[in-house]
Amino acid sequence: MKKQHIVFVKAAIWLFALLPLARLIWLGVNDNLGANPIEFIEHSTGTWALVFLLITLGMTPIRLLTGQVWQIQLRRVLGLFMFFYACLHIITYVWLDFVFMWDELLIDVAKHPRILVGFAAFLLAIPLAATSNSYMIKRLKTNWKKLHQAVYLIAILAVVHFWMLVKKDLTEPIYYAVVLIVLLGIRVYFKYKPLSKSKVIKAM
Amino acid sequence: MIILNQSKLNPSNIQPSEITSREVFENRRHFLKAAGFGLAAGSALLLSKQSQAAIAPVTFKANSRQKISGFSKTAYGAGEKLTQYEDVTTYNNYYEFGTGKSDPAIQATLFKPRPWTISIEGQVKKAKTISIEDLLKLAPLEERIYRMRCVEAWSMVIPWVGLPLASLVKWAEPTGNAKYIEFISESDPQSMPGVRSPILDWPYTEGLRMDEATNPLTLLAVGLYGEYLPNQNGAPVRLVTPWKYGFKGGKAIVKIRFVEKMPLTTWYKAGPSEYGFYANVNPNVDHPRWTQSSEKPIGAGLFGGRIKTKMFNGYSEQVAHMYTGMDLNRNF
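Read top to bottom, the protein sequences are chains E and Z.
With the working numbering applied, the first sequence covers 183 to 386.
With the working numbering applied, the second sequence covers 604 to 935.
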């Protein structure tokens with residue numbers, strides 16, 4: 183794919199990725215966020231962070247399955263949108279939900295495994311976002327790749343965080359868990375696949 | 604009696620769903636005429652403290668709002684700021700109609716709250732079936748404004764209309780063996796789509812100890828905001844125990860069983876470490892998922908924040924005596 187095409191695809195990602203935020207603002211301005219608007223925003227931003235995380239993790243399986251490599255360049259922008267929605271998620275939680283009642287908030291994080299798991303995922307994502315620029319990629323060299331493998335852990339924590347929120351009807355978290363298992367499974371499969379075939383992929 | 608809250612006084616704030624449909628309007632007129640009251644007499648009646656109006660039979664139309672003709676106001680909850688009707692009727696935990704908060708208001712349209720009977724069973728002299736019409740005659744209907752605290756750490760203030768459960772208990776004449784009451788909800792897969800999946804062990808079952816059941820606060824609610832209960836709020840009759848978490852309030856009750864042993868309740872079966880039998884609102888006993896020391900008032904808006912949760916949801920004076928000597932950390 184040509185460079186100008188990539189620019190076009192990236193522009194489309196920006197447009198698409200900002201739609202959920204635009205929708206929240208639109209609903210908020212029109213007082214249409216429902217009876218529990220804070221919960222609505224928490225769920226929406228959390229869901230979109232997870233969606234962008236899974237899309238980011240989908241780029242490598244596309245390479246493994248099709249041999250296409252151009253989409254690898256999209257990982258950074260997609261990953262950063264994951265971090266963007268995760269930040270909105272946390273800001274909503276700290277500001278709107280707990281209105282900076284730090285004592286209450288600390289109890290909530292410490293006592294509830296689902297919050298702790300989600301919080302851990304967010305903390306782990308900070309260094310990844312901070313080292314996503316070209317300068318850090320060059321500077322960290324091989325360590326960069328090691329560091330960014332933390333994304334697998336973040337993804338697992340994020341799905342567990344969602345899973346633990348749900349009281350009884352696990353349908354939605356199961357969807358996300360299945361997608362994550364498939365995405366990670368493809369990687370594992372290609373890693374342990376007979377060598378001859380993986381050589382073919384490399385040659386492509 | 605239309606209770607307007609400040610923001611609703613501005614006509615531009617009235618949602619289309621709140622505008623009385625022509626059918627309901629005409630029904631109400633017919634209603635008043637049939638009962639032989641002028642409008643003035645009717646409102647005087649509604650305002651009088653002790654009056655018990657005859658409950659005229661109500662023809663229920665699917666999903667229309669029906670006024671309750673006679674109930675008295677009480678001092679319960681006077682001065683509390685009510686949660687808007689719109690929020691009370693669109694944000695519901697009622698898994699028989701779906702697990703999303705907005706599902707019940709959409710999914711409950713096929714549910715028919717009339718005709719309705721409740722089977723009174725177990726350790727009672729009057730083990731028989733009572734129709735909803737007869738139930739409404741057991742005691743004068745009262746409006747009571749109660750706070751409702753959900754285990755999910757949000758809360759509402761709701762003007763219920765109903766009768767004390769104690770009046771039904773008295774009528775049923777329990778025997779000495781009746782130590783608990785079990786409340787069993789309707790579970791009809793035809794009209795309740797949520798029941799088709801085994802998310803919970805249907806039918807929804809709740810229970811109270813006999814002293815809790817006869818506590819003056821305990822209400823069998825048949826209406827809210829002066830109207831018969833919307834389907835999504837538990838029509839035609841539901842339990843309201845304002846010092847307990849909301850899930851204790853079984854909806855669409857079809858069986859009331861007087862029993863000797865503590866009933867196994869639905870949420871207890873689903874998660875015994877999370878949902879106890881007593882489920883008293885208690886800011887000092889945490890829940891594995893939600894903080895219980897504070898709560899979000901529904902309707903407070905984006906920047907409304909949280910309020911501290913009170914012991915027994917602020918009803919200690921009326922209920923704390925029932926639990927003296929009990930370890931509430933263990934009996935949560």
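Any given hint might turn out to be false.
Unchecked claim - Once the Cα atoms are required to be at most 30 Å apart in a straight line, the calculated BS3-like pairs of lysine-lysine come out as:
(1) Z:K773 to E:K350
(2) E:K349 to Z:K913
(3) Z:K773 to Z:K715
(4) Z:K773 to Z:K864
(5) E:K293 to Z:K872
(6) E:K184 to Z:K911
(7) Z:K864 to E:K349
(8) E:K293 to Z:K913
(9) E:K293 to Z:K773
(10) E:K350 to Z:K670
(11) E:K293 to E:K327
(12) E:K350 to Z:K872
(13) Z:K858 to E:K293
(14) E:K349 to Z:K858
(15) E:K185 to E:K323
(16) Z:K913 to E:K327
(17) E:K349 to Z:K773
(18) E:K349 to Z:K715
Claimed, not checked - Here are a few chain Z residues that sit away from chain E, every Cβ distance over 10 Å (derived from the structure):
(19) T693
(20) S705
(21) E724
(22) I748
(23) S770
(24) P875
(25) I901
No lab work stands behind these hints: they were computed from the structure.
No experiment lies behind these values; they were computed from the predicted model shown.
Even glycine gets a Cβ: it sits at the ideal position worked out from N, Cα and C.
A quick look at each hint next to the structure:
1. Z:K773 to E:K350: Distance ~37 Å between K773 of chain Z and K350 of chain E Cα, so the pair is violated.
2. E:K349 to Z:K913: 24 Å, holds
3. Z:K773 to Z:K715: Within the cut-off at roughly 28 Å; holds.
4. Z:K773 to Z:K864: 20 Å, holds
5. E:K293 to Z:K872: 23 Å, holds
6. E:K184 to Z:K911: Roughly 59 Å between the alpha carbons, so the hint for K184 of chain E and K911 of chain Z is violated.
7. Z:K864 to E:K349: 27 Å, holds
8. E:K293 to Z:K913: 19 Å, holds
9. E:K293 to Z:K773: 44 Å, violated
10. E:K350 to Z:K670: Not OK: K350 of chain E and K670 of chain Z at ~35 Å, beyond 30 Å, violated.
11. E:K293 to E:K327: The given pair, whose Cα atoms are some 34 Å apart, is violated under the 30 Å limit.
12. E:K350 to Z:K872: 12 Å, holds
13. Z:K858 to E:K293: The hint is violated at about 38 Å.
14. E:K349 to Z:K858: Holds. K349 of chain E to K858 of chain Z sits at ~26 Å (cutoff 30 Å).
15. E:K185 to E:K323: Distance of about 24 Å is within 30 Å: holds.
16. Z:K913 to E:K327: 51 Å, violated
17. E:K349 to Z:K773: 37 Å, violated
18. E:K349 to Z:K715: This hinted pair holds, its Cα atoms lying about 28 Å apart.
19. T693: Contrary to the label, T693 of chain Z does not stay out of reach of chain E, its closest Cβ about 6 Å off (not over 10 Å).
20. S705: Nearest chain E Cβ is 7 Å from S705 of chain Z, so the label is violated.
21. E724: The claim stands: E724 of chain Z keeps its Cβ more than 10 Å from every Cβ of chain E (closest is about 28 Å).
22. I748: 18 Å, holds
23. S770: Per Cβ check, S770 of chain Z is outside 10 Å of chain E; nearest 32 Å; holds.
24. P875: Non-interface label stands for P875 of chain Z: nearest chain E Cβ at 14 Å, farther than 10 Å.
25. I901: 5 Å, violated
The structure does not agree with the numbered hints 1, 6, 9, 10, 11, 13, 16, 17, 19, 20, 25 stated previously, though it agrees with the rest.
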